[in-house]
Structures are given as C-alpha cells and as structure tokens.
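J.: These are the residues of each chain, in order.
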Amino acid sequence: MDKMPKWADVVLIPLISLILAAALSALVILGIGEDPVAAVKMMVSGALGSTYGWGYTLYYATNFMFTGLAVAVAFHARLFNIGGEGQAMLGGLGVALMCLYVPWPHWSLALIGATTLAALFGAAWAMIPAWLQAKRGSHIVITTIMFNFIASAVLNYVLVNLMRPKGSMDPATARFPEAAHLPTLHDLLAPLGISFSKAAPANVSLLVAVAACILVWLLIWRTRLGYEIRAYGHSETGALYAGISPVKITMITMLISGGLAGMMAINNVMGEAERLVLNATEGAGFIGIAVALMGRSHPFGVFLAAILFGFLYQGGAELALWTSIPRELIVVIQALVILFTGALDNMVRMPLEKLFLSLRRART
Amino acid sequence: MSDTSPAIELRGISKAFGPVQANKDISIRVMPGTIHGIIGENGAGKSTLMSILYGFYKADAGEVFINGRKTEIPDSQAAISAGIGMVFQHFKLVETFTVLENVILGAEEGRLLRPSLARARKVLAELAVEYELNVDPDARIDQIGVGMQQRVEILKALYRQADILILDEPTGVLTPPEADHLFRILDNLRAEGKTIILITHKLREIMDITDTVSVMRRGEMTATVKTAETTPEELAELMVGRKVLLRVDKAPATPGKMVLEVKNLRVRDDQRVERVKGVDLNLRAGEILGIAGVAGNGQSELLEVLGGMRPATGTVTLNGTTLKLEGRGSDGQSRRAAGIAHVPEDRQREGLIMEFHAWENVAFGYHHDPAFCRGPLMVNAALVRDTEAKMEKFDVRPPDPALAAKNFSGGNQQKIVVAREIERNPDLLLVGQPTRGVDIGAIEFIHKQIVALRDQGAAVLLVSVELDEILALSDRIAVMFDGRLMGERLPDQTDERELGLLMAGVSGAAA
Numbered sequence: 001m002d003k004m005p006k007w008a009d010v011v012l013i014p015l016i017s018l019i020l021a022a023a024l025s026a027l028v029i030l031g032i033g034e035d036p037v038a039a040v041k042m043m044v045s046g047a048l049g050s051t052y053g054w055g056y057t058l059y060y061a062t063n064f065m066f067t068g069l070a071v072a073v074a075f076h077a078r079l080f081n082i083g084g085e086g087q088a089m090l091g092g093l094g095v096a097l098m099c100l101y102v103p104w105p106h107w108s109l110a111l112i113g114a115t116t117l118a119a120l121f122g123a124a125w126a127m128i129p130a131w132l133q134a135k136r137g138s139h140i141v142i143t144t145i146m147f148n149f150i151a152s153a154v155l156n157y158v159l160v161n162l163m164r165p166k167g168s169m170d171p172a173t174a175r176f177p178e179a180a181h182l183p184t185l186h187d188l189l190a191p192l193g194i195s196f197s198k199a200a201p202a203n204v205s206l207l208v209a210v211a212a213c214i215l216v217w218l219l220i221w222r223t224r225l226g227y228e229i230r231a232y233g234h235s236e237t238g239a240l241y242a243g244i245s246p247v248k249i250t251m252i253t254m255l256i257s258g259g260l261a262g263m264m265a266i267n268n269v270m271g272e273a274e275r276l277v278l279n280a281t282e283g284a285g286f287i288g289i290a291v292a293l294m295g296r297s298h299p300f301g302v303f304l305a306a307i308l309f310g311f312l313y314q315g316g317a318e319l320a321l322w323t324s325i326p327r328e329l330i331v332v333i334q335a336l337v338i339l340f341t342g343a344l345d346n347m348v349r350m351p352l353e354k355l356f357l358s359l360r361r362a363r364t
Numbered sequence: 001m002s003d004t005s006p007a008i009e010l011r012g013i014s015k016a017f018g019p020v021q022a023n024k025d026i027s028i029r030v031m032p033g034t035i036h037g038i039i040g041e042n043g044a045g046k047s048t049l050m051s052i053l054y055g056f057y058k059a060d061a062g063e064v065f066i067n068g069r070k071t072e073i074p075d076s077q078a079a080i081s082a083g084i085g086m087v088f089q090h091f092k093l094v095e096t097f098t099v100l101e102n103v104i105l106g107a108e109e110g111r112l113l114r115p116s117l118a119r120a121r122k123v124l125a126e127l128a129v130e131y132e133l134n135v136d137p138d139a140r141i142d143q144i145g146v147g148m149q150q151r152v153e154i155l156k157a158l159y160r161q162a163d164i165l166i167l168d169e170p171t172g173v174l175t176p177p178e179a180d181h182l183f184r185i186l187d188n189l190r191a192e193g194k195t196i197i198l199i200t201h202k203l204r205e206i207m208d209i210t211d212t213v214s215v216m217r218r219g220e221m222t223a224t225v226k227t228a229e230t231t232p233e234e235l236a237e238l239m240v241g242r243k244v245l246l247r248v249d250k251a252p253a254t255p256g257k258m259v260l261e262v263k264n265l266r267v268r269d270d271q272r273v274e275r276v277k278g279v280d281l282n283l284r285a286g287e288i289l290g291i292a293g294v295a296g297n298g299q300s301e302l303l304e305v306l307g308g309m310r311p312a313t314g315t316v317t318l319n320g321t322t323l324k325l326e327g328r329g330s331d332g333q334s335r336r337a338a339g340i341a342h343v344p345e346d347r348q349r350e351g352l353i354m355e356f357h358a359w360e361n362v363a364f365g366y367h368h369d370p371a372f373c374r375g376p377l378m379v380n381a382a383l384v385r386d387t388e389a390k391m392e393k394f395d396v397r398p399p400d401p402a403l404a405a406k407n408f409s410g411g412n413q414q415k416i417v418v419a420r421e422i423e424r425n426p427d428l429l430l431v432g433q434p435t436r437g438v439d440i441g442a443i444e445f446i447h448k449q450i451v452a453l454r455d456q457g458a459a460v461l462l463v464s465v466e467l468d469e470i471l472a473l474s475d476r477i478a479v480m481f482d483g484r485l486m487g488e489r490l491p492d493q494t495d496e497r498e499l500g501l502l503m504a505g506v507s508g509a510a511a
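Just so you know, the protein sequences line up as chains W and G, in that order. Anchor point for the first sequence: position 200 equals 200 in UniProt numbering, and the numbering is continuous, going up by one each time. Anchor point for the second sequence: position 502 equals 502 in UniProt numbering, and the numbering is continuous, going up by one each time.
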C-alpha cells in the first residue's frame with residue numbers, strides 16, 4: 001500500500017513546503033524592519049502584474065526548464081548531474097559559433113542549428129564525467145562540479161583570447177547578426193492581436209522548452225530507453241539481470257542530460273543577450289537542481305517549478321530595485337525555498353504520511 | 001501449572017504498519033528453562049513480534065511481562081538490561097574487529113579497553129567450557145566462518161548476562177553439521193536454565209529441539225502446542241490454514257538431447273576473488289539438476305555467469321553453440337535470445353524493480369520483445385493484457401497489473417518472476433532459491449510449475465540452499481563446495497546426512 005494518495009505527494013507536499021519557506025522569509029523581512037505583506041505584493045505585481053513582469057518571469061523559467069529537465073533525466077538513472085552550469089556554458093559557446101560563423105537566411109533555421117550545436121556541446125561536456133563514472137567509477141557529483149570550473153575557465157580563455165572582437169575591452173563576442181535574432185513573445189503574439197511587452201526578453205525558446213518537457217515525458221515513460229533508464233536508476237543489479245548495460249545507460253543518460261542543459265543557451269545567449277558574455281548562465285544550472293527536486297523529476301513538475309523559480313527571480317529583482325531589502329536577502333528567500341522543497345522534504349512528508357495513515361485507519 | 005512465573009509473557013500485543021496489521025492481539029507464555037519455537041510463513045509477523053520484545057518497535061497495544069513483572073521496553077538497551085539477548089539472522093558484528101573486541105563492544109567498562117578485554121577473555125573461557133561455545137577470542141571476524149560468527153553473537157548476549165535468548169532463523173546460513181552443533185549449544189543453555197525463543201520456518205528444527213511451539217499466521221497466533229504432542233503435518237496445516245503437500249509429485253525424468261555443457265568454468269567476484277574454481281557439468285533436456293550447497297560457495301556466481309550477468313573463463317555451450325563469456329557481464333539480452341530464462345536468487349534486487357508496476361515487471365528483461373514494442377516506444381496496453389493473463393494463470397494475488405511490485409507479498413512477487421520466465425518456454429531455465437521467503441502454498445505451486453516445464457522438455461538448473469527442496473525437485477544432485485562440484489548423487493540414493501557432509505567439504509562421504 002502506498003502511504004499517501006498521489007495528489008498529496010505531488011501537490012500538497014510542495015505546497016506546504018512553499019508556505020513554510022514563505023513564512024520563514026516573512027520573519028526575516030520583519031527582522032530587518034520591512035513589511036512582509038508589502039514585499040509580497042511588490043513581488044507579485046513585479047513578476048506577474050504586467051506583461052513586462054511576465055516576460056521576465058517566463059524568460060527565467062525557460063532557463064530553469066532546460067536545466068531542471070537536465071537534472072531530472074539524470075535523476076531517473078540515479079545520476080546526480082550537478083554540472084548543468086558548465087554544460088550550459090558550453091552550450092552557449094555552441095550557440096555563439098553557430099550564430100556568428102554561419103550566414104543564416106532565417107531565424108528559424110538559425111534556431112535549429114544553434115539548438116543542435118548547443119545540445120552537442122552540452123552533451124560533449126557531460127560525456128567526460130559520464131565516461132569517468134561508467135568506466136572508472138569516479139563519482140559523477142565530484143567530476144561534474146569540477147567540470148563547472150573547467151567550463152568557466154575555458155569560456156574565459158575563449159572569450160578573452162579568441163572570440164573577443166579586435167579593440168573591444170569587453171570579454172564577450174560580437175553581437176549576433178540580425179538574421180540570428182529570435183522573435184520575442186511580443187513578436188510572436190502581435191499577429192494574434194495580443195499585446196505583450198516589447199522590452200521583456202521571453203522569446204520563442206519558451207516553446208522549445210515546453211516541447212522539451214513533453215519529449216522528456218515521452219522518453220522517460222513511453223520509450224524502451226526510458227524504461228531502461230528508470231530500471232537502472234531503481235536497481236543496478238536488477239538492470240544487470242535484465243541485460244541492461246550500466247555503461248551504456250550511464251553514457252546515454254548523461255548525454256541527454258548534458259544536451260538539455262546545453263540547450264538552455266538558445267534562451268539566454270541567443271534569445272536575450274544576442275552575444276556570448278562571461279558568466280552568461282548566472283547560476284541557472286544550479287537552480288535546475290532545485291527545480292528538479294521540487295518537480296519530483298517529472299517534466300510537468302519541472303515545468304511548474306521552473307515558473308515558480310522564474311517568479312522568485314523576477315519578483316526578487318523588483319524587490320531589490322524598489323525597496324531597501326538588499327539583493328542578498330532575495331538569495332536568502334530563494335535558498336529557503338530550495339531548503340524546504342528540496343532538502344527538508346521529509347520534514348513535511350513524515351507528519352503528513354502519519355496523518356493520512358491515521359485518517360485511513362479511522363475510516364476502516 | 002507450576003508456581004514459577006513465565007520468563008516471558010506477552011499479553012494482547014498488536015502492531016500495525018499503515019494498513020497492514022503485522023501482529024494482532026498476540027499472547028504467549030514462555031516458561032523458564034525451555035525452548036519455545038515460533039513458526040510461521042514469511043510475513044506472518046514473527047520478526048515483528050520479536051522486534052517489539054527487543055525494543056525496536058513500540059507495540060500499539062499490549063503488555064510485556066519479564067519473570068512476572070510488567071516491563072516497558074522502549075529500546076534495545078532496556079531489553080538487554082531486562083536480560084534479553086537477540087541473535088539476528090544477519091549478524092551485527094564488526095568484521096575487522098577480533099572476537100573479543102566484538103564481545104565487549106557497547107559493554108566496555110571505563111575509559112580504558114584493557115581491563116574490559118581481560119575480563120571478557122576470562123568470561124569467554126568459562127562460557128566455552130560450560131556450553132561448548134569455543135571460539136578463538138583473538139581471531140578476526142572476517143577470518144572465521146559463519147558458524148563461528150553466530151557463536152560470537154550468542155557469546156555477546158551471554159556476556160551481557162542474558163537469561164532469555166532469541167534466535168531469528170539461526171540455521172539459514174549453516175551447514176547441517178554446524179546446525180547440529182548449534183542445537184547442542186542450545187541444549188546446554190536450556191540445561192543451565194536459560195530460556196530460548198527459536199524463530200524459524202523449518203518444521204524439522206521445531207520438531208528436533210523445542211519444548212513448545214507457537215504457530216503464527218497472518219499476524220495472529222493460531223496455536224500453541226507441546227512439541228511432543230504434534231506432528232509436522234499438523235504444524236504445516238496450522239501455518240498455511242489448509243492441507244499441504246510436503247512432497248512433490250513427479251514422474252521419472254526422460255532426459256533428451258544435451259542442452260548445456262560447462263567445461264572448466266572459472267569466475268571471479270567483484271573483489272577479484274575466484275569463487276568458481278573449475279566447474280564441469282552437463283544438463284540434458286527434460287531433467288532437473290539440483291546444485292546444493294551452503295550459501296556463498298560459488299553457486300550464485302555460477303548462475304550469474306550463465307545468466308549473462310558476470311564474465312568468466314572456460315567454455316559454455318548451449319544446444320551446441322558456444323556462449324560468449326568474456327566482456328563486462330551485461331549479456332542478459334543475448335542469453336535470453338539464445339533460449340535461457342533466469343529466475344534469479346534475489347527477486348527484490350535482481351528479478352524485479354520493486355517500484356515498477358507489475359506490468360512493467362512482466363516486460364523486465366524482455367522489453368525488446370517486438371510484441372511489446374512499436375519502434376522505440378513500448379506498447380503499455382499490450383503489456384497490461386499480457387500481465388493479466390499471466391496473473392490469472394499463476395494465481396497472482398491481487399491480480400492487479402498496475403500495483404507496484406513492492407506491494408505484493410513475497411510469494412506473489414516470486415510468482416510474477418516465475419510466470420515471466422517460464423512462460424517464455426526456455427530451453428534452459430536457471431532457478432536460484434525459487435522459494436526463499438515464499439509461503440508454503442506458493443512453494444507448492446512454484447515447484448509444480450518447474451516440474452511441468454521439465455516435462456515439456458526444458459533443462460532446469462536449480463540452485464538452492466534448502467536441502468529439502470533439492471531432494472524434492474532434482475533428478476540429479478551435485479553439491480558445490482568452495483567453488484567446486486563435490487560429485488553427483490541421485491536423489492533416491494542419497495540422504496541429507498551424506499549431502500550435508502559433502503556441503504561441508506568432506507569428499508570421502510561416498511557411500
């Protein structure tokens with residue numbers, strides 16, 4: 001017997017965790033002498049109160065969907081890919097190469113080309129830790145973390161020494177040509193008669209991210225490969241018994257995971273910055289871990305959690321802009337959400353399971 | 001009744017885990033200086049009851065009396081101070097410590113070890129004489145055999161002045177001679193006035209050594225009887241709730257063409273230790289070859305190699321074709337394609353994915369079967385239908401394909417595995433411990449299915465640590481000891497004593 005109904009596991013627990021995190025954040029805001037109610041109002045109106053706010057929320061959410069999916073796919077094979085950050089950086093390099101050095105006739109072709117190379121670069125960056133894990137037993141958590149630093153150093157070198165336009169003082173590539181600019185939600189929605197903020201960076205990559213959510217769902221729950229990934233994740237000896245090669249599954253899963261993380265670059269590099277800058281990922285690779293945890297590694301959960309974190313990012317930025325609540329406190333609030341939804345999951349789960357059990361016993 | 005109060009008395013103990021009632025209103029009286037057996041199928045609630053007595057679980061209701069006094073046992077420390085000692089099925093010893101160090105672990109006195117060690121050495125010497133419990137106090141645990149290790153567990157309990165000793169399935173890992181020795185020790189302990197509770201699912205042990213026996217079924221105590229006044233048949237019926245066949249009905253084998261030939265097979269385990277040291281065997285269609293032996297003598301590795309889970313050296317031919325033995329040990333798919341089906345020893349870690357639905361498990365290992373696939377996708381509806389059919393044929397309960405494997409009882413889990421493998425009509429069926437942790441009713445059923453497959457002309461290689469099972473099912477018996485086969489016997493020309501000696505590595509036992 002399962003201990004709780006499924007809806008409680010999927011909806012109730014994340015909700016309670018969120019409320020707890022919010023309550024604690026409110027106390028912190030009170031503690032520094034600000035009004036938590038006003039702060040919440042400002043976050044909501046800043047992130048969701050206008051199409052401009054929505055545009056930013058969805059832009060961040062797009063990043064988090066890609067990195068969240070990356071972590072989620074790896075989780076299903078019980079691999080902890082902490083290297084989303086580095087893989088997304090390399091993805092950015094792939095996007096920049098495609099956009100700068102290929103003369104694209106139309107943005108849609110550029111998007112396909114850039115997505116492909118971003119995924120390839122991200123996958124390639126994940127492949128080395130995957131190979132070390134599969135063949136040599138080096139723990140993937142350690143190696144992917146280290147590969148984040150290496151990626152950062154590689155990008156530093158490439159941007160400063162190779163791709164920086166002559167005479168520029170800025171460690172960044174040149175702007176991408178006009179044909180490689182992605183349409184924003186404003187451009188996409190205007191023909192439908194819906195007006196959307198022109199300044200907000202949310203763009204067509206959002207649709208790619210949503211498609212990725214659906215494809216990942218298909219992969220995990222409908223394909224033979226997904227079946228093998230899940231079987232391996234649940235029991236390595238079981239996989240061996242069924243003739244599923246651990247080496248093969250580790251490699252393929254990490255390639256898919258790295259590819260998804262790399263694809264994030266079509267949003268932040270191609271869609272927003274339209275050039276590759278240093279630290280373009282801004283920690284989105286790490287937020288992906290929280291998103292996958294909160295979304296229970298289910299693509300739909302990842303979708304919702306990504307929007308929530310998009311809201312926190314955008315709302316937090318507004319708070320920092322308009323109140324004396326310092327930028328650091330926003331990080332504290334986000335950290336509390338991660339702490340409660342990810343790390344302290346059992347704190348909410350155990351009492352809730354007990355409650356449901358006693359309810360059930362009372363009924364029978 | 002005499003005027004002495006019982007050493008242990010439980011009154012009305014109940015314990016539920018969620019919706020599962022593991023113990024239901026259980027009362028039991030164990031008189032001092034007796035051996036009390038508790039028998040029941042797996043999942044009957046024996047271990048739960050003992051865990052309550054040892055302070056691991058808190059009972060939902062009920063009272064415990066030790067020597068007539070009501071006693072609260074909130075944790076194992078309280079159990080120890082109440083004079084209760086427990087010998088677990090899986091030993092709780094520190095492998096890199098010596099016997100002496102293990103004995104004093106948790107019972108050290110003072111900050112310095114030396115005085116405690118000296119005292120323990122003296123006590124151990126006394127206990128050795130008193131109860132035939134001889135163990136070298138300076139041997140390291142990982143260098144002594146399981147029989148010795150078990151004695152260390154008993155010594156640990158006695159060192160803590162336990163008057164009541166609980167043994168949970170103590171003979172599961174022992175050879176028959178070791179088990180005999182254990183029973184002599186228990187006899188001595190009883191003679192000295194110790195009280196012993198013996199938990200087992202083996203009827204023979206109950207009949208051999210206990211004074212009284214309690215039978216548990218589905219969380220309830222169904223009967224407590226004097227051992228002298230009962231029979232194995234009666235106990236089996238009480239355990240299962242209906243009459244059971246203790247023998248397997250089968251016609252003599254009619255061996256056909258050679259299916260499996262193994263020559264000079266050598267296997268190393270994950271630590272690179274050689275576990276199979278040159279095994280030769282032949283197996284024909286339509287016969288069951290049983291491999292007996294104490295767990296850990298290379299049988300598991302032998303099965304794993306044939307099932308494609310582990311690389312090896314030597315030659316293995318199946319129906320005249322040589323199988324690939326080198327590689328990384330992920331050849332399960334090609335083995336299945338060649339006509340080998342495999343009921344693995346450990347259904348929970350190997351044969352099933354416990355979190356998967358039953359229908360997902362029915363595809364496990366056969367998920368590339370075109371009947372279940374369309375391109376890269378799996379056709380779940382076809383699988384669910386297939387699962388429903390198998391569940392009906394093999395009487396899996398509840399017959400719900402969407403239920404996760406972990407929510408079935410052990411017997412029904414095993415039926416799912418057996419159904420999946422047998423329904424493939426393999427040329428060779430590998431079976432490891434087919435009825436471990438399976439209730440008697442399901443054992444009967446699974447045995448019948450294995451014999452039926454043999455009668456259809458399949459070759460069956462059976463590995464089991466249960467001698468009864470080997471004797472009941474096999475057409476030929478080979479005993480494995482220390483990675484080698486100790487010769488072959490025919491089931492009607494051998495007995496448990498001879499096999500037991502072979503299992504202990506005494507090769508001159510040929511009659």
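Hints are supplied without guarantee of correctness; some may be wrong.
Pulled a few chain W residues facing chain G out of the computed Cβ check, cut under 7 Å [to be verified]:
| id | residue |
| --- | --- |
| 1 | 7 |
| 2 | 116 |
| 3 | 222 |
| 4 | 231 |
| 5 | 238 |
| 6 | 241 |
| 7 | 242 |
| 8 | 243 |
| 9 | 245 |
| 10 | 358 |
Far from chain W, some chain G residues (derived; all Cβ distances over 12 Å) [to be verified]:
| id | residue |
| --- | --- |
| 11 | 328 |
| 12 | 331 |
| 13 | 348 |
| 14 | 482 |
Partial selection, computed: residues in chain W whose CB lies under 10 Å from chain G [what the hints assert, rightly or not]:
| id | residue |
| --- | --- |
| 15 | 234 |
| 16 | 239 |
| 17 | 240 |
Since the hints were derived computationally from the structure, they do not count as laboratory data. The beta-carbon is built from N, C-alpha and C at its ideal position, and this holds for glycine as well.
J.: Could you work out which earlier hints the structure fails to respect and list their numbers in ascending sequence?
T.: Violated hints: 1, 2, 10, 11, 12, 13; rest satisfied.
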